[in-house]
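Trainee: Residue strings, one per chain:
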Amino acid sequence: MTTLVVFIEHTGGSARRSSLEALGAAQAAGATCIAVLTGPGADGVAGNIPAAKAVILTGGEAYSPDQVAAGVAEVVRAQGAGGFLAAASSLGRDLAPRVAAHLDATLFSDCTAITTEGDELRVTRSWLAGKVIATLTPTGEFFCATTRLNVFPAAEGSCTEVGEHPLGGEARVRVTAIEAAGEAKLDVAEAPVVVAGGRGLGSPEGFQIVEALADAFGNAAVGASRAVVDAGWRPHSEQVGQTGKVVSPQLYIAIGISGAIQHLAGMRTSGTIVAINKDPDAPIFKVADYGLVADAFEVVPQLTEAVRAIKSQS
Amino acid sequence: MQIIACVKRVPTTDAAVSVTPDGKGLVTDGLPYMISFYDEIALEQAVQTKEALGGEVTVLSLGPASGSKEIRECLAKGGDKAVVLTDDEWMTRDARATAKALVAEIEAQGADVVFMGKVATDRDNASVGPMVATYLGWACVTDVVALELGEGGGTAKVETEAGLETLEFSLPAVITTGKGLNEPRYAGLKGIMAAKKKPLEEKTPELEANQAMVASLAPPPPRKEGRLVSDVNELIDALRNEAQVL
Ligand SMILES: Cc1cc2nc3c(=O)[nH]c(=O)nc-3n(C[C@H](O)[C@H](O)[C@H](O)COP(=O)(O)OP(=O)(O)OC[C@H]3O[C@@H](n4cnc5c(N)ncnc54)[C@H](O)[C@@H]3O)c2cc1C
Ligand SMILES: Nc1ncnc2c1ncn2[C@@H]1O[C@H](COP(=O)(O)O)[C@@H](O)[C@H]1O
Numbered sequence: 034m035t036t037l038v039v040f041i042e043h044t045g046g047s048a049r050r051s052s053l054e055a056l057g058a059a060q061a062a063g064a065t066c067i068a069v070l071t072g073p074g075a076d077g078v079a080g081n082i083p084a085a086k087a088v089i090l091t092g093g094e095a096y097s098p099d100q101v102a103a104g105v106a107e108v109v110r111a112q113g114a115g116g117f118l119a120a121a122s123s124l125g126r127d128l129a130p131r132v133a134a135h136l137d138a139t140l141f142s143d144c145t146a147i148t149t150e151g152d153e154l155r156v157t158r159s160w161l162a163g164k165v166i167a168t169l170t171p172t173g174e175f176f177c178a179t180t181r182l183n184v185f186p187a188a189e190g191s192c193t194e195v196g197e198h199p200l201g202g203e204a205r206v207r208v209t210a211i212e213a214a215g216e217a218k219l220d221v222a223e224a225p226v227v228v229a230g231g232r233g234l235g236s237p238e239g240f241q242i243v244e245a246l247a248d249a250f251g252n253a254a255v256g257a258s259r260a261v262v263d264a265g266w267r268p269h270s271e272q273v274g275q276t277g278k279v280v281s282p283q284l285y286i287a288i289g290i291s292g293a294i295q296h297l298a299g300m301r302t303s304g305t306i307v308a309i310n311k312d313p314d315a316p317i318f319k320v321a322d323y324g325l326v327a328d329a330f331e332v333v334p335q336l337t338e339a340v341r342a343i344k345s346q347s
Numbered sequence: 010m011q012i013i014a015c016v017k018r019v020p021t022t023d024a025a026v027s028v029t030p031d032g033k034g035l036v037t038d039g040l041p042y043m044i045s046f047y048d049e050i051a052l053e054q055a056v057q058t059k060e061a062l063g064g065e066v067t068v069l070s071l072g073p074a075s076g077s078k079e080i081r082e083c084l085a086k087g088g089d090k091a092v093v094l095t096d097d098e099w100m101t102r103d104a105r106a107t108a109k110a111l112v113a114e115i116e117a118q119g120a121d122v123v124f125m126g127k128v129a130t131d132r133d134n135a136s137v138g139p140m141v142a143t144y145l146g147w148a149c150v151t152d153v154v155a156l157e158l159g160e161g162g163g164t165a166k167v168e169t170e171a172g173l174e175t176l177e178f179s180l181p182a183v184i185t186t187g188k189g190l191n192e193p194r195y196a197g198l199k200g201i202m203a204a205k206k207k208p209l210e211e212k213t214p215e216l217e218a219n220q221a222m223v224a225s226l227a228p229p230p231p232r233k234e235g236r237l238v239s240d241v242n243e244l245i246d247a248l249r250n251e252a253q254v255l
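Chain order of the listed sequences is L and S.
Read left to right, the first sequence gives residues 34 to 347 (our numbering).
Read left to right, the second sequence gives residues 10 to 255 (our numbering).
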C-alpha cells in the first residue's frame with residue numbers, strides 16, 4: 034500500500050483517540066502514514082503522533098474547514114500520497130468530503146474495516162444504517178475515507194520528523210464561538226460505555242437512574258431513543274439510531290427501549306449489549322447478549338450500586 | 010433569493026432490505042420509498058427561508074423517472090418548481106458522481122443558497138453537501154441545528170464533540186440540515202392541489218463513473234445468541250467474567 038495522509042484532531046495537548054484509531058486503521062492496512070494537524074497547540078502534539086512524519090498546517094486564524102480542507106489536499110499531493118483518512122467524528126465528517134472533492138475523489142464514509150487483498154484495497158461500510166454490510170473496492174486515483182469511532186485499535190508510538198505547510202485561500206466559513214460541552218462529558222459516539230434510555234423511563238426525571246448508572250461507570254455517555262428526544266426529554270445529540278448517531282461502544286445498556294428497527298440500526302455493532310425491559314417480547318432482546326426482564330426503576334439502582342462498588346475497588 | 014433544496018429518494022427507514030443472490034445488489038422490487046428524513050428538514054428550511062426573505066424554491070433530485078410522486082410531495086410542501094435529473098442507477102451512484110451531476114444543474118440554475126440533508130439514509134455517505142460546495146467554491150456548513158440567514162451571509166450552530174459551535178459563513182453557501190433545525194410541515198390539501206400545476210422538469214444529466222466497485226453485499230452478521238439473566242447479580246457476574254467489560 035501507499036502513503037496515506039491522516040488528519041489528527043487534538044485537545045488538551047494530546048491527539049484524540051478517534052484520530053489515533055484512523056491512523057491505526059491506515060497502518061494495519063499496510064500504509065505509511067503522514068499525520069496532518071492544525072490549530073493552537075499542534076506543535077506540542079505533533080512529535081507524539083505515531084506516524085512516519087507530521088505536517089502542521091500553519092497560519093489560519095480561527096478554524097476554517099474550507100481552508101484546512103484545501104491545505105490537507107495540498108499536503109496529499111505534495112507528499113505524493115495515495116489518499117486521505119480521518120475519523121468519522123463531527124469534525125472529520127465535515128472535513129473529509131471537502132478534501133475528497135479537492136482531490137476529485139469519492140469518499141468512503143464511516144468505514145468499519147480497511148484491508149488489502151493482494152494489491153487491492155477493500156473497505157467495509159454499512160448501508161441503510163447497518164441493514165446491509167457493503168464491501169467495496171475503491172477504483173479512483175486517490176483513496177479517501179473516514180473511520181467509524183471505537184472500531185479500530187489506536188496506533189501507538191511517536192514520530193521524529195515534523196514539517197509545516199501554510200494555509201492559504203479564502204475562509205468562507207469560520208468557527209467564531211464554542212460553548213463547551215459539560216466538563217469531561219463524553220459524546221455518545223465516542224464513549225466506551227453507553228447507557229441509553231427510552232420511553233419506558235416515563236418522564237425526563239426518570240432519566241436520573243440512567244445518569245446515575247452512567248456516572249457509576251465513569252467512562253459512560255448517556256444515549257436516548259428517538260421517542261424521548263422527540264418528546265424533548267433529552268437533547269438531539271444523544272439520539273442513537275438511523276436518524277441519530279451510530280455507536281459501537283464496548284458495552285451498550287438499553288433501558289426501557291423497545292428496540293425498533295431504526296434504533297437497532299444505530300447500536301447493533303456494539304461489543305456487548307444489555308437490555309433491561311419489562312416486556313419479555315420487546316425486540317431489543319433479539320440483539321441483546323444479556324437480557325433482564327424487569328422494571329427499570331427496581332433493577333437499575335441495584336445495578337448502579339454494584340457497578341459503583343466494583344469501580345471503587347479497582 | 011434563489012433557493013435550491015436537494016432531496017433524495019431512499020428506501021423507508023422501516024423497510025426490510027435483502028441482498029440479491031449474486032451478493033452484489035439489493036432486491037428493489039416492491040421496496041417502499043420516501044424522501045430522506047433530513048431532506049425533509051432541508052426542504053422545510055428552504056421554504057421558511059423563502060417565506061422570510063422572498064424568492065423561489067427549486068427542488069432538485071437525481072433519481073428515477075418513476076420517482077415523481079415523492080417530488081410532487083415536495084412541491085405540495087412549498088417548493089415552487091422541481092428538476093429531476095433522471096438516473097435509474099441513482100441509488101448506487103457514488104457521492105462524487107452524484108455531487109458533480111448536482112453541481113452542473115446548480116450552476117445552470119444559479120442559486121444563493123442550497124439546502125441539503127446532512128446525510129441520505131440509504132448509503133449514509135454524509136458527503137454530497139460539502140462536496141457540492143467544494144466543487145462550486147462556495148461556503149458550506151454541515152449538520153446545522155440553528156440558522157440565521159441574511160443578505161450576503163449567515164450564522165449557523167452545529168453540535169460537535171467539543172460542544173455547540175457557532176460558525177459564520179458567506180453566501181452563496183451549501184447548508185446541510187441536522188435534526189432539530191425545524192419541524193417539517195405536512196402537505197395540506199391546498200398545497201397538494203397547487204402542486205399539480207407546478208412545473209416538474211426531467212433532464213438527462215451527464216454522469217461520471219463511480220470510483221468504487223461492489224465486492225460483496227451481505228446482511229449484518231448475526232449476533233451471538235444472547236440469554237436472559239434472572240437478576241442483577243447474575244448480570245454483574247456475566248459482565249465481569251464472561252463479557253469482561255466490567
Ligand atoms: C424516519 C424514522 C426515523 C427514526 N429514527 C430513529 C432513531 O434514529 N432512533 C430511534 O431510537 N428511533 C428512531 N425512530 C423511531 C422508532 O421507530 C421508535 O418509535 C422509537 O425507537 C421508540 O422509542 P422507545 O423504544 O424509547 O419507545 P417505545 O417503543 O415506546 O418503547 C418503550 C419500552 O419501554 C418498556 N418499558 C416501559 N416501562 C418500563 C419500565 N418501568 N421498565 C423497563 N421497561 C419499561 C416497554 O416495554 C417498551 O418496550 C425512527 C422512526 C422513523 C419513522
Ligand atoms: N440523488 C440525489 N439527489 C438529490 N440530492 C441528493 C442526492 N444524493 C444526495 N443528495 C443530497 O445530499 C445529501 C447528503 O447525501 P449523502 O452524501 O449521500 O449522504 C442528501 O441529504 C441530499 O440533500
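Honestly, the hints are just simulated from the structure, not real lab data.
Careful, some of the hints might be misleading.
[To be verified] Per label pair, the in silico range of CB-to-CB distance:
id : chain 1 : residue 1 : chain 2 : residue 2 : range
1  : L       : E338      : S       : G162      : 48 to 56 Å
2  : S       : A24       : L       : E238      : 44 to 52 Å
3  : L       : E244      : S       : D240      : 19 to 27 Å
Glycine is no exception: its CB is placed at the ideal position from the N, C-alpha and C atoms.
Trainee: Now look at each hint and say whether the structure bears it out.
Mentor: A quick look at each hint next to the structure:
{"no.": "1", "hint": "L:E338 x S:G162: 48 to 56 Å", "verdict": "53 Å, holds"}
{"no.": "2", "hint": "S:A24 x L:E238: 44 to 52 Å", "verdict": "36 Å, violated"}
{"no.": "3", "hint": "L:E244 x S:D240: 19 to 27 Å", "verdict": "23 Å, holds"}
Hint compliance for this structure: hint 2 alone is broken.
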